[in-house]
Amino acid sequence: MKFSDLVQIIWKNMWKRRTRTIFTMSGVVIGCLAVFIISSITNGFQKYLTDEMESMMDTSVITLTPYWGAEEGKDKKEGASKKTKLDNKSVEELEKLYFITEVMPKKYTNVSTKLKKTEGFARVLATDFITNKEEDLLFGRYPRKGSKEIVLGYETAKELLGYTWEEKVKDEDEYNSLIGKSVKMGINLGYDEDGKLIDGKKFSAKIVGVLSNGKMEYNYLIQAPIKFVDSIIKSNVNLPKEEIDKMLNTYEEIGVKVDDKSKLEEYEETLKSMGYSTRSLIDFEKQSKSMLLGVTLVLGTLAGISLLVAALGITNTMDMAIYERNKEIGVIKVIGGSLNDVRKIFVGEACAISFTGGSIAIVLGLIVDLIINNVGKSMTQSIMGQPISSIAIPSIGLIIGILTFSLFIGFIAGILPANKAAKTNVITAIR
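If you read the sequence shown in UniProt numbering, its first letter stands for residue 1, the second for the next number, and so on.
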């Protein structure tokens, strides 16, 4: 039997019993549509999380932190003791590694702030701004290395303008009014017997920049050059020398910039083997994929049950067709049709029903994704203040996968009825 003849017979039979075909096909459409939408939303959510992390951190940077609660020299891993502190020795060790282009030690300290009559408290991040991006600034610039300049997080700047945390700034140009002004800062030294906060020596710092609201990691921080923060620490004569030395020589974290982003995971493993606790964009992607995989599997299982029911429906439809087309089967055999020709007709019809259902599901899925993205864009704009343009993202791999899987379902569902039809007795069929 020619392929063109086979296609003609399949199409003729599907059209002749179109009502039954449509109902049978609907099960495949529902199952494939569910898989398509679930996968699209998962892809969109994964991309959103990755983009958010990339906006908050340099993708070529690995952040090193000390192991909390571990003893130095204990809990050995791959021959290296776990680092329980990060200091200048750690910086020197890291600067010698061939794949590291920049080493960025960071330390944090709490300060009191005063701008005119507005007083408050903030957390200062001492850093050298190597990985900071100019596009992350709302106004101004980043401080120069070694200067007495600072850049404010979005929420910290709002507090210095006299707003509470709950209030919204009416006009963001108000932030620009802070540029060039000096703010008084003093390190918190603890509390006295009456519970009153003890401030260290006050220093003036010039505000040269304000970060945009998108930098969530830095929204509640003041960033200042590390040498400037060290000079404030040294000025606190009320602190014991040992405490000052510890504050000067200890870092909460160290950022390292690598020469090749594609080898980020390999470099991260190398640093772990040296005893450092690490985190990077790779770790975040693994965690988010693991979380989304669990949700996708649960929802995908429900969609899979729908496809199983659809496959049983196809099998039932083709099985019923055998009794209705007994004479047709007998005639095909009488005029020289082989058993394989009969099998091809029934398997072909099952595949055609399933494949068409999968194709319709893809078209409907693209329409639904478009609606989700448009509605989601307007909703996120009103709720979050910035739109998320792509909540559901279909992929070529997803489309090919659904078409292939739907074809496979049709093939499996059609085998049993096809074999049954091939065994039909010719004499009984044409009687």
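Take the hints with a grain of salt, since some may be wrong.
[What the hints assert, rightly or not] Derived pair list, reagent style EDC-like, types lysine to aspartate or glutamate, alpha-carbon separation capped at 16 Å:
1) K289 <-> D51
2) K423 <-> E269
3) K145 <-> D230
4) K420 <-> E265
5) K246 <-> D230
6) K286 <-> E52
7) K2 <-> D341
8) K246 <-> E119
9) K257 <-> E269
10) K12 <-> E328
11) K12 <-> E253
12) K202 <-> E166
13) K241 <-> D230
14) K344 <-> E328
15) K227 <-> E324
16) K227 <-> D245
17) K423 <-> E328
18) K257 <-> D245
19) K344 <-> D319
20) K420 <-> E269
21) K89 <-> D245
22) K257 <-> D51
23) K106 <-> D230
24) K257 <-> E93
25) K257 <-> E149
26) K116 <-> E52
27) K47 <-> D245
28) K85 <-> E324
29) K272 <-> E52
30) K289 <-> D128
31) K234 <-> E217
32) K286 <-> E269
33) K246 <-> D260
34) K145 <-> E119
35) K85 <-> E243
36) K106 <-> D136
37) K181 <-> E119
38) K133 <-> D245
39) K202 <-> E149
40) K133 <-> E52
No wet-lab data here; the hints were simulated from the structure.
Legend entry - Structure versus earlier hints, numbers of those that do not hold, lowest first: 2, 4, 8, 11, 12, 15, 18, 20, 22, 25, 26, 27, 28, 29, 30, 31, 33, 34, 36 and 38
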